[in-house]
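A.B. asks: Sequence:
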Amino acid sequence: MEKRQKTSWKVFIPAIIVILFMYAGMYLIAFHLVSDTMVSKVLVVGNMLIYTPLVLFLLGLIYGVNKGFSIWLIALVFLLYPVTICFFQEWIVVYQIAYTLCAIFGNGLGALLFSLRKKID
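As numbered in the numbering used here, residues 940 to 1060 make up the sequence shown, in order.
Take these hints with a grain of salt, some might be off.
[Claimed, not checked] The list that follows gives simulated cross-link-like pairs (lysine-lysine, BS3-like), each with its CA atoms no further than 27 Å apart:
| # | residue 1 | residue 2 |
| --- | --- | --- |
| 1 | Lys949 | Lys1057 |
| 2 | Lys1006 | Lys1057 |
| 3 | Lys1058 | Lys1006 |
| 4 | Lys1006 | Lys949 |
[Claimed, not checked] Quick list of the computed label-pair ranges, beta carbon to beta carbon:
| # | residue 1 | residue 2 | range |
| --- | --- | --- | --- |
| 5 | Lys980 | Gly1047 | 28 to 38 Å |
| 6 | Ser974 | Leu1051 | 18 to 28 Å |
| 7 | Asp1060 | Trp1030 | 43 to 53 Å |
| 8 | Leu1040 | Ile956 | 14 to 24 Å |
| 9 | Ser947 | Leu967 | 25 to 35 Å |
| 10 | Tyr990 | Phe1017 | 25 to 35 Å |
| 11 | Lys1058 | Ile1031 | 38 to 48 Å |
| 12 | Lys1058 | Val1033 | 32 to 42 Å |
| 13 | Val978 | Lys1058 | 46 to 56 Å |
| 14 | Trp948 | Leu1055 | 22 to 32 Å |
For the record, the hints were derived by calculation from the structure and aren't laboratory data. Backbone N, C-alpha and C fix where the C-beta goes; we use that ideal spot for every residue, glycine too.
Make a model of the complete structure from these sequences and hints.
C.D. replies: See below:
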């Protein structure tokens, strides 16, 4: 039986930075650095509907291709979402679930590619 290696939390620092930027950084840019309100609204809506799901899918895919499936990455995506409460003063559970599903699909596809690559080698 193969023994699983312990994963160090330091492996997830780049993922944490990317997730926090998508959850908080884009809103800081939209609310404080962009003076045009229309551009600010486009950034916020685009981030919620397009950019964050895409980035979380790609993050899961990249991590899955390199390391295999990781429940810790999915947990980070799910548990760091409440950071958005600072900006909207409300918790939108549908987005939290959708973002987590994007990360799961990306990580699952990446893990599949990881296992196929491992079989070929």
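A.B. asks: Now tell me if each hint is right for this structure.
C.D. replies: Status of the hints after comparison with the structure:
The suggested pairing of Lys949 with Lys1057 holds, with an alpha-carbon distance near 24 Å, which does not exceed 27 Å. The suggested pairing of Lys1006 with Lys1057 holds, with an alpha-carbon distance near 11 Å, which does not exceed 27 Å. Taken as a hint, the Lys1058 and Lys1006 pair is honoured in the structure, with Cα atoms around 14 Å apart against an allowance of 27 Å. For the hint pairing Lys1006 with Lys949, the CA-to-CA distance comes to about 14 Å; that is within 27 Å, so the pair holds.
For Lys980 and Gly1047, the Cβ-Cβ distance of about 33 Å falls inside the hinted range of 28 to 38 Å, so the restraint holds. Hint check: Ser974 to Leu1051, Cβ distance near 45 Å, so the stated range 18 to 28 Å is violated. Hint check: Asp1060 to Trp1030, Cβ distance near 44 Å, so the stated range 43 to 53 Å holds. Separation of Leu1040 from Ile956 is about 22 Å and conforms to the stated range, judged on CB atoms against 14 to 24 Å.
Between Ser947 and Leu967, the C-beta spacing of about 29 Å keeps the proposed range 25 to 35 Å intact. In this structure the supplied range 25 to 35 Å is violated for Tyr990 paired with Phe1017, their Cβ-Cβ distance being about 18 Å. Lys1058 and Ile1031 have their C-beta atoms about 41 Å apart, which keeps the hinted 38 to 48 Å range intact. Here the CB-CB span from Lys1058 to Val1033 is close to 37 Å, well matched to the stated 32 to 42 Å.
Here the CB-CB span from Val978 to Lys1058 is close to 48 Å, well matched to the stated 46 to 56 Å. Under the hint 22 to 32 Å, the C-beta atoms of Trp948 and Leu1055, about 28 Å apart, fit the expected range.
Of the numbered hints listed earlier, those contradicted by the structure are 6, 10.
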